[in-house]
Amino acid sequence: MAGDSSPQVTLLLRAWREGDPAALDQLTAAVYSEFHRLAHRYMLRERPDHTLQTSALVNEAYLRLVDSSQVDWKNRAHFFAVAATLMRRILVDFARSRASQKKGGHVQKIEFEEAYVPSRHRVEDLLALGEALTALEAFDPRKAKVVELHFFAGLTPEETAEVLGVSPETVFRDWRLARAWLKQQMKAEGPA
Amino acid sequence: MNPERWREIERIYNAALELESGRRDAYLAEACAGDESLRNEIDALLRNGAVEGDFMQAPAIEFAARALAEERAAEPVVTLTGRTIAHYKVMEKLGEGGMGVVYCAGDTNLSRHVAIKVLPNVFAGDPERLARFEREAKLLASLSHPNIAAIHGLEQDEGKRFLVLELVEGQTVAQRLLKGVLRKNSYSAVPEPEPV
Chain W
1 MAGDSSPQVT LLLRAWREGD PAALDQLTAA VYSEFHRLAH RYMLRERPDH TLQTSALVNE
61 AYLRLVDSSQ VDWKNRAHFF AVAATLMRRI LVDFARSRAS QKKGGHVQKI EFEEAYVPSR
121 HRVEDLLALG EALTALEAFD PRKAKVVELH FFAGLTPEET AEVLGVSPET VFRDWRLARA
181 WLKQQMKAEG PA
Chain V
1001 MNPERWREIE RIYNAALELE SGRRDAYLAE ACAGDESLRN EIDALLRNGA VEGDFMQAPA
1061 IEFAARALAE ERAAEPVVTL TGRTIAHYKV MEKLGEGGMG VVYCAGDTNL SRHVAIKVLP
1121 NVFAGDPERL ARFEREAKLL ASLSHPNIAA IHGLEQDEGK RFLVLELVEG QTVAQRLLKG
1181 VLRKNSYSAV PEPEPV
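Those protein sequences? They're chains W and V, same order as listed. Sequential numbering from 1 applies to the first sequence in our numbering. Sequential numbering from 1001 applies to the second sequence in our numbering.
Just so you know, these hints were derived from the structure itself, not from any lab. This one's a predicted model, so the numbers in the text were calculated from it and none came from an experiment. Each residue gets a CB set at the ideal place from its N, CA and C atoms; glycine is no exception. Keep in mind that the hints are not guaranteed to be accurate.
As the list claims (entries may be wrong) - Anything over 12 angstroms on all C-beta distances counts as not near chain V; from chain W, calculated: (1) Gln26; (2) Gly130; (3) Pro168.
Unchecked claim - Derived Cβ-Cβ restraints for the label pairs, each shown as a range: (4) W:Asp25 <-> V:Lys1160: 23 to 33 angstroms; (5) V:Ala1033 <-> W:Phe139: 51 to 61 angstroms; (6) W:Leu11 <-> V:Gly1022: 17 to 27 angstroms.
Go ahead and model the full structure; you've got the sequences and the hints to work with.
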């Protein structure tokens, strides 16, 4: 499988941070393939309302992408901050392109009504969330960063606090308000 | 959002949450001091923050992966009926299961009817499923018995792998069982494993 990709990702992240634009394409491809693999595993094993060890899946994906042993501890905070920004960018771009494909009449004719499964996870929601986060960033960049690290990069609140150099209590309060504001913003923007 | 106003909202919001829920109302009335829009805004945030649910509970990559998985699962089945793949004219669908979709088809080279089996769309790009599909083909090819459908070939067209099988007319066991219990003589023709 793609297990050999992780050390490369670490190097690519460093290259991207240092301004190599080609590194971004390669990073995006690596994240995409991980993410399709995840989606695929949901399709194979997951049935609605069947809780799987989802966080284990995500952690595995993250470990495969990022070989943290190669990151020196001084740069760890910066590294995660960069990785989180990248994850946000890639995932929101993904949501945007899927959403516009759907709008563009890509959906084929539906043969049977039963083929229509109501979705609980819509890419449109991720896109709306990305837009709301950009709005939040304009007047409270730290809360946006908390969301980026915790939600987009999947860091724990403690890790998020470490990266930002603030207390876990601050992260907790930032997250609590950011989440409430984002939710409200998404409701205001369109059908929830 | 005005940053100063946002700081005000944040201060009152956090302070309200420090209080027991019964004392919040009085605090908010005092803290907002008649500023109705401020009060409304904080009330809305408190409501949105209080609702439990899975909003942003799982990391974004998980959300995105699930959204993709659910979209794929909801994608309408694209039927092959009416299309020609390789030299097979695909006719009606005979059945569908997790392992494949089976159609009746006309072999235009040999002028006979066959059954063709394709992988469900969801798995068409899955190397593991494709490998299993090929194993099934090889296994079938190694068997020869009047009560096992013969395999004519493992083909590929437009990137689609499919099995070409002998078309067996008749009912499925499930259909047959609806009419009554099977008697020994109606199924004994299925080959039994040879003693080892």
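Going down the list of hints, with the structure as the test:
Taking the minimum C-beta to C-beta distance to chain V, about 18 angstroms, the non-interface status of Gln26 (chain W) holds against the 12 angstroms cut. A Cβ of chain V approaches the Cβ of Gly130 (chain W) within 12 angstroms, the least distance being about 9 angstroms, so the stated non-interface status is violated. Once the 12 angstroms rule is applied to beta carbons, Pro168 (chain W) is consistent with being away from chain V; the minimum gap is 15 angstroms. The hinted range of 23 to 33 angstroms is satisfied by Asp25 (chain W) and Lys1160 (chain V), whose Cβ atoms lie roughly 30 angstroms apart.
As the Cβ distance of Ala1033 (chain V) to Phe139 (chain W) is approximately 23 angstroms, the hint placing it in 51 to 61 angstroms is violated. For Leu11 (chain W) paired with Gly1022 (chain V), a C-beta distance near 56 angstroms fails the hint of 17 to 27 angstroms.
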